[in-house]
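*Asks:* As a plain string of letters, each chain reads:
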Amino acid sequence: MLTFTLRRLSLFIFTMLVLTLLSFSLSFLFPGDTVINHSGQINASAAELAHLNQVYQMDKNIFNQYGAYLTHILNGDFGQSMASQSPISNEIIKLLPATIELSLVALLIAMSVGIPLGFIAAIKHNKTSDNVILSLAMLGYSIPVFWLGLLAILVFSIGLGWLPSAGQISLLFEIEFVTGIQFFDILLSDSPYKWQAFRDASAHMILPACVIALAPATIFIRLSRASMIDVLAASYIRAARAKGLNFQQIIFRHAIRNALIQIIRHVGLQFANLVTIAMVTEVIFSWPGIGRWLIDSIYQRDYTAIQSGLLVLSCFIFIVHILTDFIYAALNPLARGNKHGS
Amino acid sequence: MAVLTMKFNAIFSLTIAAFVSLLMGCNEGNKLSLSERSIIYCSEGSPETFNPQLSTSGTTSDATAKQLYNSLIIYKGKNNTLGPSLAKSWHVTRDGKKITFYLRQDVSFHQTSYFSPTRLFNADDVLFSFNRILDQEHAFHHVSGNQYPFFQSVKFSELVEKVEKINDFTVRFILKRNDSSFLANLATDYAVILSEEYGQILQEKSAEHEIDIFPIGTGPFKLKDYRVGSLIRFYRHESYWQEQAKIEQLVYDISPSKTSRLTKLLAKECDVSSYPIAHAKIEERSDLQLESITSLNVGYFGFNTKKEPFDNKLVRQAISLAINKQALIETVYRGQAAWAKSILPETSWAYDKNTPELDYDPVRAKSLLEVAGYPQGFSMDIWAMPVQRPYNPNAVTMAKLIQADLKKVGVTVKIVSYEWSTFLRRLSQGEHQSFLLGWTADHPDPDNFFTPILSCSASELGNNRTFWCNKEYDQLLQKALKTTNMSKRKSYYAKAMAIINEEMPLLPIAHSKRFQARGIDVEGDILSNFGGISFYNAAKKAINNEANTIVQPEIADKASN
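Chain order of the listed sequences is A and B. Each residue of the first sequence is one higher than the one before, starting from 0 at the first, in numbering that gives the first Met the number 0. Each residue of the second sequence is one higher than the one before, starting from 0 at the first, in numbering that gives the first Met the number 0.
What the hints contain is simulated information worked out from the structure, not anything from laboratory work. Hints may be right or wrong, so weigh each one.
[What the hints assert, rightly or not] With a straight-line Cα cutoff of 25 angstroms, these simulated DSS-like cross-link-like pairs (lysine-lysine) come out: (1) B:306 x B:365; (2) B:539 x A:193; (3) B:478 x B:175; (4) B:164 x B:175; (5) B:487 x B:512; (6) B:75 x B:481; (7) B:540 x B:340; (8) A:193 x B:223; (9) B:164 x B:223; (10) B:223 x A:93; (11) B:267 x A:193; (12) B:245 x A:193; (13) B:540 x A:193.
[As the list claims (entries may be wrong)] Some chain B residues well away from chain A (every beta-carbon gap over 10 angstroms; in silico): (14) 34; (15) 94; (16) 155; (17) 175; (18) 223; (19) 252; (20) 267; (21) 268; (22) 338; (23) 346; (24) 350; (25) 513.
Source: prediction; values computed, not measured. Glycine included, C-beta positions come from ideal geometry on N, C-alpha and C.
Next comes chain A alone, as it looks inside the complex (with noise of 0.2 angstroms):
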């Protein structure tokens, strides 16, 4: 298990060092002086922008700069964004927690739908309801985001009234922000009106976490028929089969166990997927999280924020995608000796 930490940790951190080289060429791909975009001053006096200079040390050769970024965003310092003209850092930390809780609800709904009906499609292997659901998989993951998004607005904010169309809770209810992820704060609060609140951010939540999850839920889909399907072809399955185990014991005590363990190694890479597809679906819905920021950013040509946004965005899946491995290796000893990172 060491070894695999040992190994996990240097990938991480040489992924790290590969993205701040992207994200530092950036500056210099970007139009304008790259100081400039650097730290996202446009306003800067001369004086400013000499003691700029300085600190990202622009004067010493291009490792120096480099290292020199490198220590800034070590710092959490992000440098400003051109349009706000407020630091990056304090926006990130305001809008990516709501960007988390809406990727985390989304995945937790494409998992609960996704893999159980992957599991019922496999175990009906070449049958009707297995045809059916292989098609409904097919048609949902073909159907665009944004027409999605817009036609569940459509149906169910302007038709039928039942759900809200933008934004994560009510205007009338007043959330002091503490960690940034909605249903938490709400419950730190004192507010008198905390189980309406809590209520009301469900209700805004459903929509656009529905709409994320549809394309991630039938990938889920298909990974666990597939992964179901090895199972039960197993020599394991067929000996429980032989001890005189009834249907229900062998799919609920042995198959479904073997066959999550597989999916599990997927959730990570799944999870990127989810986070771009949360960045469409935010600006339909109006949900004030990192991707509509980051869309915005583009529109205005924000070159600071679209580079810290990125690196920051880019990490966090990372991290996710490292922590997904490491509860596969705790679930699964066979990866834990795994010789090669994955």
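Chain B: place on chain A using the hints.
*Replies:* Relative to the frame of chain A, chain B by itself:
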């Protein structure tokens, strides 16, 4: 293994059960009460400042004036006559140069997280508020850019000699000359009363600029929270000098996109929406209602009375008769405007119901042209303004429609348009024959329509691009300004309108309307004829809903207040 699974299952189902009960149970009554006590308003933009003295933008005065502040006097009732507000009564001397206000003694300022008042409203606050605008030396005069656009446009500092404090609750304005629109100006959204005590505290902290960012007023609501570009949250002012506002919380959801305002309205995320689109869609919904009010503006078709052939009154009359105004209103304004019978909107108190109007009559137009000596017609140009304004959303289309109308009486029209600043410059040089333009009033006093658009002085220096100058008309306006007797003023303006109708220096086309949509559960007037909106009288009524039977006693008490 089996035991583990069982345990897991049990915990899982328990969690689910807890979650479900959390979501469903325990809060039916409360939820309704909070939204019943609050209104969410989808507004079209962020205010520039929280002090309406500093801006004439409608968005700013909508968000601030009638919510946060009071004026000394206000417009009241259907006829928009002046009534008391922070001043209990007032007295004007016979020469009209000294105006004394007797102030209320029971008015308290907002108590907020950033300011706690220790005294009630008094004469010092009035002096503070007006001296900020008038006195160049005043500590707050130069704060926030030294721009008081409304007061500059009415030449307030040239009119007022000084403001005097007689005693703690009496204030006297001394004017340099008699001007009956002075009181009207004091009753606008811009002439609000700030707190002098708050000003002093800010001066001690040398944070003067905060006076316009963290506002303190006497109005029915106080500011709780403002997030730029996102929301404004107001709480009810609990010790308001009149009855408390009916709602406890007022939230402005700032949604500049028209479609997102519509979506939020349809999805019930806002109770009231400003400037809605898709009027037909809103009207067909039984749970929404659309309302409108005629704005104080006028879109008109003006003639250059200094140029041939429009120096002839008959030609102007003939052209006016030949234009199908109804079609213009339906096409250009999409029916969202009121037919203009004169330059003054019918909602003004000074509007005379007996003003005759010119109908669409191409046959008479043709015969008038013959009398004027143009039996074969003539050719002319129309200058169409290149920008969109509420009083004329599409001048070029309007010019094309007029072109078609005039063709029927034998007049050939060439449409001319320049870039906006060039357009205005060349208009002021009188290069045009006729033009499409409009006027938005700064305040509801009728003089604000008559003088700037058509007076002689305006033809030399101001906005009168018809270059029409009529001594009799000007004298009527002067007389109307000198008297404070309302019915006399009204009769002078009626005569002035008759002159315009006879002389036809311009053809008034339409007064645009301001629209607003709201859920049927919101009651009380929000839109007003003049100036910004007010949520003071707005309330939520109980909708037919079973959960509504659980009305908490506390709310019932407040509702009966």
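*Asks:* Next step is simple, just say for each hint if it's right about the structure.
*Replies:* Checked hints:
no.: 1; hint: B:306 x B:365; result: 21 angstroms, holds
no.: 2; hint: B:539 x A:193; result: 22 angstroms, holds
no.: 3; hint: B:478 x B:175; result: 17 angstroms, holds
no.: 4; hint: B:164 x B:175; result: 18 angstroms, holds
no.: 5; hint: B:487 x B:512; result: 29 angstroms, violated
no.: 6; hint: B:75 x B:481; result: 22 angstroms, holds
no.: 7; hint: B:540 x B:340; result: 38 angstroms, violated
no.: 8; hint: A:193 x B:223; result: 19 angstroms, holds
no.: 9; hint: B:164 x B:223; result: 33 angstroms, violated
no.: 10; hint: B:223 x A:93; result: 21 angstroms, holds
no.: 11; hint: B:267 x A:193; result: 21 angstroms, holds
no.: 12; hint: B:245 x A:193; result: 23 angstroms, holds
no.: 13; hint: B:540 x A:193; result: 24 angstroms, holds
no.: 14; hint: 34; result: 6 angstroms, violated
no.: 15; hint: 94; result: 53 angstroms, holds
no.: 16; hint: 155; result: 36 angstroms, holds
no.: 17; hint: 175; result: 45 angstroms, holds
no.: 18; hint: 223; result: 8 angstroms, violated
no.: 19; hint: 252; result: 6 angstroms, violated
no.: 20; hint: 267; result: 6 angstroms, violated
no.: 21; hint: 268; result: 5 angstroms, violated
no.: 22; hint: 338; result: 34 angstroms, holds
no.: 23; hint: 346; result: 33 angstroms, holds
no.: 24; hint: 350; result: 40 angstroms, holds
no.: 25; hint: 513; result: 24 angstroms, holds
In summary, the structure is inconsistent with hints 5, 7, 9, 14, 18, 19, 20, 21 from the numbered list given earlier, while agreeing with the others.
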